[in-house]
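As a plain string of letters, each chain reads:
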Amino acid sequence: DQQVKQNSPSLSVQEGRISILNCDYTNSMFDYFLWYKKYPAEGPTFLISISSIKDKNEDGRFTVFLNKSAKHLSLHIVPSQPGDSAVYFCAAIAGANSKLTFGKGITLSVRP
Amino acid sequence: DSGVTQTPKHLITATGQRVTLRCSPRSGDLSVYWYQQSLDQGLQFLIQYYNGEERAKGNILERFSAQQFPDLHSELNLSSLELGDSALYFCASSVSEDASYEQYFGPGTRLTVT
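Residue numbers (the numbering used here), protein chains in the order written: chain A, 4 to 115; chain B, 1434 to 1547.
For the record, the hints were derived by calculation from the structure and aren't laboratory data.
One or more of the hints may lead you astray.
Partial list, derived from the structure: chain B residues whose beta carbon lies under 7 Å from chain A [what the hints assert, rightly or not]:
1. Leu1476
2. Phe1478
3. Gly1491
4. Pro1503
5. Asp1531
6. Ser1533
7. Gly1539
8. Pro1540
9. Gly1541
Which bits of chain A does chain B cover? Going by a derived footprint, with three or more residues having C-beta under 8 Å, they are [as the list claims (entries may be wrong)]:
10. 43-51
11. 91-104
Capping the alpha-carbon separation at 25 Å, the derived lysine-lysine pairs in PhoX-like fashion look like this [to be verified]:
12. A:Lys102 x B:Lys1490
13. A:Lys59 x A:Lys107
14. A:Lys8 x B:Lys1490
15. A:Lys57 x A:Lys102
16. B:Lys1490 x A:Lys57
Beta carbons are placed, not taken as given, at the ideal position from N, Cα and C, and that holds for glycine.
Please construct the entire structure, taking both the sequences and the accompanying hints into account.
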C-alpha cells in the first residue's frame, strides 16, 4: 500500500520554464511534507518542506503548494536550470514520533 | 558532501551470506536512519536509532538488524541474504529524534546479491 504516490516517473522541461512535480498521498494523518533531491551516485538532499497548517512555502526558485482537501502537493521550480536535473522524492510524516514515508521519485530533466 | 560516510560503497556477495554496512553520522547528530532503495521502489525506511537506542522501526525484515554504538556510528547487519535484498542502502543522520527534521544522507552502499 503506497501512501505517497508520485505517478509520473519522469518530466522533461526547457531551461527557463517552470517545472511542476506532483505528489499525492492517501494517509490523512500526514501533517508534514518534504521534498528531497537526489543526484546520481549521491544520497538525497533536503530541498523544501511544508506543514499541513500552510498551503504554500517558498524558498528562492522553489515553491511547494499543499492542497489538503485533495491530498495533493506540488513542487514548482521557476525558472528551471540544467543543474536541477535530478530525481525528486516527495516524503510525508504523521506526527513528530513517526517515520518518513517516501514516494518512488520523479526524474526531472531540464534541457538547455 | 553531507558529512555522513558509509562503507563500503559497493558490496557483492552470494545468497545465504551475511554482510555488515557501516555508517558514520555528521558530527553532533544523534539520530541515525537506515533506508533501502530497490530498483523500482522509493526509499523504504528500515530503522532509526537515537543516541544509542532504537527509536522507530519500519519495514525491516527479521533477517536484518542494526545497532548504534557509543561513538554514534551505526551498523546494519543483513543475514541469510536473498537475491531480493539487492538494493541501495542509505544511512541518514539528523540532530533530532524527530524524523521531520532535515536528514543528511550518505552516498549509500550498493549491495548486489548473486
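Right, here's what the structure says about each hint:
A least Cβ separation of about 4 Å between leucine 1476 of chain B and chain A falls short of the 7 Å threshold, and the interface hint therefore holds. Proximity of phenylalanine 1478 of chain B to chain A holds as hinted, the smallest CB-CB distance being about 5 Å (cut-off 7 Å). The closest approach between the C-beta of glycine 1491 of chain B and any C-beta of chain A is roughly 5 Å, which is under the 7 Å cut-off, so the hint is satisfied. Interface restraint check: proline 1503 of chain B against chain A, minimum CB-CB distance 24 Å, threshold 7 Å, status violated.
Against a cut-off of 7 Å between C-beta atoms, the interface hint on aspartate 1531 of chain B holds, since the closest Cβ of chain A lies about 5 Å away. Because the beta carbon of serine 1533 of chain B sits about 5 Å from the nearest beta carbon in chain A, less than 7 Å, this interface hint is met. The interface hint given for glycine 1539 of chain B is met, as the beta carbon of that residue sits about 5 Å from the closest beta carbon of chain A, less than 7 Å. At about 5 Å, the closest approach between the beta carbon of proline 1540 of chain B and any beta carbon in chain A falls short of 7 Å, and the interface hint on this residue holds.
Look at glycine 1541 of chain B: its Cβ gets to within about 6 Å of chain A, closer than 7 Å, so that hint holds up. Proximity of the region 43-51 of chain A to chain B, defined as three or more residues with a beta carbon under 8 Å from a beta carbon of that chain, is established by the 6 residues found. Interface restraint, the region 91-104 of chain A with chain B: holds (9 residues with C-beta to C-beta distance below 8 Å; minimum three). The hinted pair formed by lysine 102 of chain A and lysine 1490 of chain B meets the criterion: a straight-line CA distance of about 8 Å does not exceed 25 Å.
Restraint check for lysine 59 of chain A and lysine 107 of chain A: satisfied, since their Cα atoms lie roughly 23 Å apart, inside the 25 Å limit. For the hint pairing lysine 8 of chain A with lysine 1490 of chain B, the CA-to-CA distance comes to about 21 Å; that is within 25 Å, so the pair holds. Proximity of lysine 57 of chain A to lysine 102 of chain A is assessed by CA-CA distance (about 21 Å); at most 25 Å being required, the pair is judged to hold. A hinted pair counts as satisfied when its Cα atoms are at most 25 Å apart, and lysine 1490 of chain B with lysine 57 of chain A does not qualify at roughly 29 Å.
Of the numbered hints stated above, those contradicted by the structure are hints 4, 16, listed in ascending order.
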